[in-house]
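Input sequences plus hints: build the corresponding full structure.
Residue numbers (the numbering used here), protein chains in the order written: chain A, 1 to 204; chain B, 1 to 230.
Among the hints, a few may not be true.
To give an idea of the interface, some chain A residues facing chain B are shown, with a C-beta separation under 8 angstroms as derived from the structure [stated by the list, open to error]: (1) TYR20; (2) PHE82; (3) ILE89; (4) ALA93; (5) PRO178; (6) ILE187.
Hints listed in this document are in silico derivations from the structure and should not be mistaken for laboratory results. Computed from a prediction, not measured in an experiment: that's the story for all the values here. We put the beta carbon where it would ideally sit given N, CA and C, even for glycine.
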Amino acid sequence: MEHVNIFVKAVFIENMIFAYFLGMCSYLAISKTVKNAVGLGSAVIFVLAVSVPVCYLMENYLLKAGALSWLSEDYANLDLSFLSFIMYIAVIAAITQLVEMAVEKFAPALYMALGIFLPLIAVNCSILGGALFMQEREYASLGEATVFGLGSGVGWFIAIVSIAAIREKIRYSNVPAPLRGLGIAFILTGLMGIAFMSFMGIKI
Amino acid sequence: MLISMSTETTIAPIKVREPREPLFSARNKKLINDPLNNSNPITVQVLGICSALAVTVQMKPSIVMALSVVVVTAFSNLVISTIRNIIPDRIRIIVQLTIVAALVILVDQVLKAFVYDVSKQLSVFVGLIITNCIVMGRLEAFAMGNKPWPSFLDGIGNGLGYGLILVLVSAVREFFGSGKLMGVQLVPDSFYKMGYFNNGFMILPPMALIIVGIIIWIQRSRNRKLIELN
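See below:
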């Protein structure tokens, strides 16, 4: 039950885009057509669902104060947590590289469409953000961390696909010229964020 | 034919030493001024929105955040531009990330040491400077192809352009959301007695996006060159 709760919370209430604005750069740049948005969204789900548990293991068996005690008693009072940024980003960059190779092999068309934004998942804030939130909230088990990563990815996916759908349609409406493109995308995201706030307080 | 070719190749091109540019020449000043308005990283280049807006509920954390970003962009641009000729092209992203991460760790430790309460408030967002698109974007677009000093200025300029938007948004949100600026109450108590209410909506995250949207609107209606065509 706890797992379902974490999942729902990560998808709707603490949505990466609407509550924390993480991963906005690729969110705004790739959301012009639904097809590309679905591709990038699924890549983000995968990277988040894999990298958050890996970072969880690193946090608990390498970095946290006293985490190295399984190695030997001498290391029991070591605290390497200041290294966490650099370790997390290395893990994320490696996993992104893997995903890139997989997409290039199995879906070359998608690979061409995503272009520079696939390697840039490594610097997509929502991935590192997921790892850092996991560290800050101190989830109790590997399962909870995995569910949290998966949920954050699904939340990001829903956000980018829905904004892409709206932006496909908004081309036909008469937006004031200075607001076209970026400006209206920001305001739309804000309005969607308000809509998502109605999920606040839901507990399963 | 052969002889003429060999003579041609032996003549070394005479190197004309370019006159040294003064440290704050017009071109270098442009590097700082431009990102504040015409090529603002947030409203025009669409870089670095990610980790920023969640910290704009109050002015103090957003000023600290802006300063941290200025430091990181400036010094990462400087370091990368210094070693740009010896970085192998294939692994440059990892090299860049490592240098940025090292700088962010420094900033994080300094913040924890001197302004612990603000550092707690910023929580994960200091770490997220690593993946802030401004840093990577400017490294790729500018520092990899320019000399250290212009790159350093470019870093400062872009950091400031980012900070400007951050401070603007946070000023609006703090003033209307809690009637204060920098924690000092500006709306007098008599207003509240007359029935004035703080706009609680301003404190919620979606308002940050809408305010940035309005800033973009104002900027583009004053500067029509920036309007997108489609």
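Structure-based check of all given hints:
| no. | hint | result |
| --- | --- | --- |
| 1 | TYR20 | 5 angstroms, holds |
| 2 | PHE82 | 6 angstroms, holds |
| 3 | ILE89 | 5 angstroms, holds |
| 4 | ALA93 | 6 angstroms, holds |
| 5 | PRO178 | 4 angstroms, holds |
| 6 | ILE187 | 4 angstroms, holds |
Violated hints for the displayed structure: none, as all numbered hints are satisfied.
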